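S.K.: Residue numbers (the numbering used here), protein chains in the order written: chain A, 1 to 356; chain B, 1 to 469.
One should not assume that every hint holds.
In silico DMTMM-like pairs for lysine to aspartate or glutamate, Cα to Cα no more than 25 Å straight-line [what the hints assert, rightly or not]:
(1) A:K214 x A:E234
(2) B:K124 x B:E263
(3) B:K414 x B:E83
(4) A:K214 x A:D182
(5) B:K258 x A:D182
(6) B:K258 x A:D326
(7) B:K414 x A:D75
(8) B:K258 x A:D344
(9) B:K124 x A:D344
Some but not every residue of chain A turned toward chain B, in silico, with C-beta under 8 Å [as the list claims (entries may be wrong)]:
(10) T25
(11) L39
(12) R42
(13) E149
(14) T151
No lab work stands behind these hints: they were computed from the structure. If you're wondering where the values come from, they're calculated on a predicted model, not measured in any experiment. All C-beta atoms in this analysis are idealised placements derived from N, C-alpha and C, irrespective of residue type, glycine included.
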Amino acid sequence: MVSDIASDPLAGTAFWAAAAALVATGCLLCLVVLARVRLLRRLALSRRAAVLWNPLLAQCADEVPASLPRLRWRDRVRFLLLWCNAQESLRGESQERLLQMARRLDAETHARRLLGSNTLSRRLLAVVALGHLRARDFVPMLAAQVQWEPTLGSLLAAKALVRIDAAFGVGPVLTAAATRDDWPIASVANILRECDPELVAFALSTAIHRQIAKDARAPGLTRLLRLHATARREPLRDAVLKTFSADVSTDALAAALADLWHPEDVGHARRLLHHSEWFVRVAAARALGRLGTAEDAPRLTASLADRQWWVRYRAAQALCGLPAMDEPALEAIGASLTDPFARDMLRHARAERASV
Amino acid sequence: MSWASVIDAVAWVSLIYFVTLAAAYLLVNACALLELPRQREALVASLVPRPHSGFEPPVSVIMPAYNEEMTIAASVGSILQLEYPELEVIVVNDGSRDGTLEALRNDLELVPFPEAYRRRLASKPVRGVYRSTRFPNVRVIDKENGGKADASNAGVNAARYPLICVVDADSILERSSLRTVVLPFLSDPRTVAAGGCVRIANGSTVRGGFLEDVGLPRKMLPLLQVLEYLRAFLFGRLAWAPFNAVPIISGAFGAFRKEALVEAGGYRTDTMGEDMELVMRLHRRNRLARRPYRITFLINPICWTDAPESLGVLRNQRIRWQRGLAESLSLNRSLLLHPRGGAAGWLMFPFLIVFELLGPIVELGGYLFMIAGFAFGFISAAVFWSFMALAVCIGLMLTASALLLEEISCHVYKRPSHLLTLAAASLIENLGYHQLVLLWRLQGFWRWLVRAPANWGDMKRSASWQKEL
Numbered sequence: 001m002v003s004d005i006a007s008d009p010l011a012g013t014a015f016w017a018a019a020a021a022l023v024a025t026g027c028l029l030c031l032v033v034l035a036r037v038r039l040l041r042r043l044a045l046s047r048r049a050a051v052l053w054n055p056l057l058a059q060c061a062d063e064v065p066a067s068l069p070r071l072r073w074r075d076r077v078r079f080l081l082l083w084c085n086a087q088e089s090l091r092g093e094s095q096e097r098l099l100q101m102a103r104r105l106d107a108e109t110h111a112r113r114l115l116g117s118n119t120l121s122r123r124l125l126a127v128v129a130l131g132h133l134r135a136r137d138f139v140p141m142l143a144a145q146v147q148w149e150p151t152l153g154s155l156l157a158a159k160a161l162v163r164i165d166a167a168f169g170v171g172p173v174l175t176a177a178a179t180r181d182d183w184p185i186a187s188v189a190n191i192l193r194e195c196d197p198e199l200v201a202f203a204l205s206t207a208i209h210r211q212i213a214k215d216a217r218a219p220g221l222t223r224l225l226r227l228h229a230t231a232r233r234e235p236l237r238d239a240v241l242k243t244f245s246a247d248v249s250t251d252a253l254a255a256a257l258a259d260l261w262h263p264e265d266v267g268h269a270r271r272l273l274h275h276s277e278w279f280v281r282v283a284a285a286r287a288l289g290r291l292g293t294a295e296d297a298p299r300l301t302a303s304l305a306d307r308q309w310w311v312r313y314r315a316a317q318a319l320c321g322l323p324a325m326d327e328p329a330l331e332a333i334g335a336s337l338t339d340p341f342a343r344d345m346l347r348h349a350r351a352e353r354a355s356v
Numbered sequence: 001m002s003w004a005s006v007i008d009a010v011a012w013v014s015l016i017y018f019v020t021l022a023a024a025y026l027l028v029n030a031c032a033l034l035e036l037p038r039q040r041e042a043l044v045a046s047l048v049p050r051p052h053s054g055f056e057p058p059v060s061v062i063m064p065a066y067n068e069e070m071t072i073a074a075s076v077g078s079i080l081q082l083e084y085p086e087l088e089v090i091v092v093n094d095g096s097r098d099g100t101l102e103a104l105r106n107d108l109e110l111v112p113f114p115e116a117y118r119r120r121l122a123s124k125p126v127r128g129v130y131r132s133t134r135f136p137n138v139r140v141i142d143k144e145n146g147g148k149a150d151a152s153n154a155g156v157n158a159a160r161y162p163l164i165c166v167v168d169a170d171s172i173l174e175r176s177s178l179r180t181v182v183l184p185f186l187s188d189p190r191t192v193a194a195g196g197c198v199r200i201a202n203g204s205t206v207r208g209g210f211l212e213d214v215g216l217p218r219k220m221l222p223l224l225q226v227l228e229y230l231r232a233f234l235f236g237r238l239a240w241a242p243f244n245a246v247p248i249i250s251g252a253f254g255a256f257r258k259e260a261l262v263e264a265g266g267y268r269t270d271t272m273g274e275d276m277e278l279v280m281r282l283h284r285r286n287r288l289a290r291r292p293y294r295i296t297f298l299i300n301p302i303c304w305t306d307a308p309e310s311l312g313v314l315r316n317q318r319i320r321w322q323r324g325l326a327e328s329l330s331l332n333r334s335l336l337l338h339p340r341g342g343a344a345g346w347l348m349f350p351f352l353i354v355f356e357l358l359g360p361i362v363e364l365g366g367y368l369f370m371i372a373g374f375a376f377g378f379i380s381a382a383v384f385w386s387f388m389a390l391a392v393c394i395g396l397m398l399t400a401s402a403l404l405l406e407e408i409s410c411h412v413y414k415r416p417s418h419l420l421t422l423a424a425a426s427l428i429e430n431l432g433y434h435q436l437v438l439l440w441r442l443q444g445f446w447r448w449l450v451r452a453p454a455n456w457g458d459m460k461r462s463a464s465w466q467k468e469l
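Whenever a hint applies, use it, and build me the whole structure from the sequences.
M.R.: Laid out in structure tokens, this is it:
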């Protein structure tokens, strides 16, 4: 058979291909074993670092540990990871004690060196750590990263920036939030949540005014308006109201309706309840649910027959939530309805209200 | 042309196909290998700063259920324990003949709810809607039997939130699964669908609706399926993610942007592979309309499912899957080599046709040809044994590469004995099991060709891991 393999090209090709596949299988299995060994070693180092540093980090909740072991080069990434996680989970003076501990261990030097790493996760860890370490000389670099880095890197830079210097950082972050459509608004809100709501309100108000003056129809205005939950609402009121008088997109209108909170502004919601875009009507119905009075009942009752399910649903919820709208009143409205969709929706909302 | 040259030509075609198949799958694994660092980096980075935490969009979890009276309450319980800030659970009882609705009624303390049901997607008539008095975010839709796709559509109709996640009633999710599968929707607004990897729960320990200890099945059949899942359903899907050409998001666990799903028409009820067909349709519609979109596959959000432990059930499943593949490709054939098809139309679609759809014909044909040729003496022993050795070695090599990817990525099977068991099983897999599965797949293809009546078969599952719930 051996001579056949040598003489028959088909048998020879199949044989050598099989041999190559077998050798490749052997090599791959060796790599599997190597990967397992490497992983076990890494896990052991991580465990050792956790055993060494976690009790000391936990101690920072009460006091800075009196004596600290030396932070070894090979442990620097694991320590910074544990330390950053501790910073994220502890609050108040504990964070200050963690900072003292890191300074004593010269963690900043280690973090700065990691910035030059070829590994993205290490560079990102360095950005996060330097933010927690309040490395002020790092601010210009972070401000540039907020503008130019890819999504995750820029978001982490933004977080570090506002952590080091919120008064300076909130402005550039909001500017980027308006222009960078790769930034999820949820992430920006998460970053701003850590800042003083008063500070965010003034910066956000300025950013909204600036955006309206520059290009009121740009999607950036909607993005800024959707950040209202991170700011104190009083200083924002003027900026939000200006949206209603400017030539803005329907998305911005819907976002502005979600920002309304002052009872005197209910007129905008009433006016927009009949807007041609259904999602504006939805936002208006929700706003009426927050700000409406008994006199809004007929408006909302009319919206129960809207052709869009969501408008009917929000109008029904708003109607059920109006002041003095008790069960007999809702029963009477239900009895007066001729549209079966409106009737079904009101029954649905009443059942929801009853179950809460 | 003489007989000898015909035989020679067929043998060469078989050989070339086997080698091309190996090269193609190795290339797929290489693509998965390139995608791995990106997913791992994102995971590592998200562990540190938690960039999206607290602002995740609310999710409607849809759980179609048919004859699940033994497990449904535990399944709902495990969904309610997921780490996610805001979710609603919609259980759709698809006309179960057992006590599924009763089990739900008792466990969730259901009361009738006058839902203003919004019929955006066609489904069989809804008999009633119930709301849980124990968990305000749980509703149950009771409808006439129409199949899983039909039940999922009914669930979508009742969903309130912008993202929906369809979960099998017999699946077990990791606590963080939902949070992770939503991340692509947060980081890329173009995302319309995201799927997570599905793994086999047989042999693992489940407590309180969650997987406590990962183990390997003690029975051979599910053990061999673990290897298949690793090779085909994990890295075979991950490889397509960087090209935005993921061919399928498993019906056992997948998240969708509701409006994109509704706009595409929801799940088709006339196909056996409704999950794959939906994803192929999303590719086709978005690519051909030049709409920016993204369909993502993530390795880390893990969903554990029960693998068939009997040959009959496994056979039905594989026949169904192959038929579903054929139907999905056939229904979306306009994507194939379309000028606007991109990677989905020019890479993924031809790959599926050549290696997944036609693979069983060529592979089994090659085996039969060699066996017959050897038996009747027109193929030499050298050619026959070399060919068989090649077929086995290629199978071993592909499994070994999948094991390597598993080791450097998820590392789910932690004990050294797991590795040894899987390596040993890969040998058995290529000495009979793989060929048997090819035969079933061929049957599935044939049934599609002759338009045989659809038959889901009896999908009895052991759910041995559920006994500890």
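S.K.: Next step is simple, just say for each hint if it's right about the structure.
M.R.: Verification of the hints:
Only pairs whose Cα atoms come within 25 Å are accepted, and K214 (chain A) paired with E234 (chain A) is accepted, the gap being roughly 24 Å. With a CA separation close to 19 Å, the supplied pair K124 (chain B) and E263 (chain B) stays within the 25 Å bound. Annotation: proposed proximity of K414 (chain B) to E83 (chain B) holds, straight-line Cα distance about 24 Å (limit 25 Å). Annotation: proposed proximity of K214 (chain A) to D182 (chain A) holds, straight-line Cα distance about 21 Å (limit 25 Å).
Simply put, K258 (chain B) and D182 (chain A) have alpha-carbon atoms about 21 Å apart, close enough for the 25 Å limit, and the pair holds. Restraint check: the Cα-Cα separation between K258 (chain B) and D326 (chain A) comes to about 34 Å, which exceeds 25 Å; the hinted pair is violated. With a CA separation close to 24 Å, the supplied pair K414 (chain B) and D75 (chain A) stays within the 25 Å bound. Only pairs whose Cα atoms come within 25 Å are accepted, and K258 (chain B) paired with D344 (chain A) is accepted, the gap being roughly 23 Å.
Proximity of K124 (chain B) to D344 (chain A) is assessed by CA-CA distance (about 20 Å); at most 25 Å being required, the pair is judged to hold. Among the interface hints, the one on T25 (chain A) holds; its C-beta lies about 5 Å from the nearest C-beta in chain B, closer than the 8 Å criterion. A least Cβ separation of about 6 Å between L39 (chain A) and chain B falls short of the 8 Å threshold, and the interface hint therefore holds. Given the 8 Å rule on beta carbons, the hint for R42 (chain A) is violated: about 11 Å separates it from the nearest Cβ of chain B.
A least Cβ separation of about 12 Å between E149 (chain A) and chain B goes past the 8 Å threshold, and the interface hint is therefore violated. The beta carbon of T151 (chain A) comes within 6 Å of a beta carbon in chain B, closer than 8 Å, and the hint placing it at the interface holds.
In terms of the numbered hints stated before, the structure departs from hints 6, 12, 13, listed from lowest to highest.
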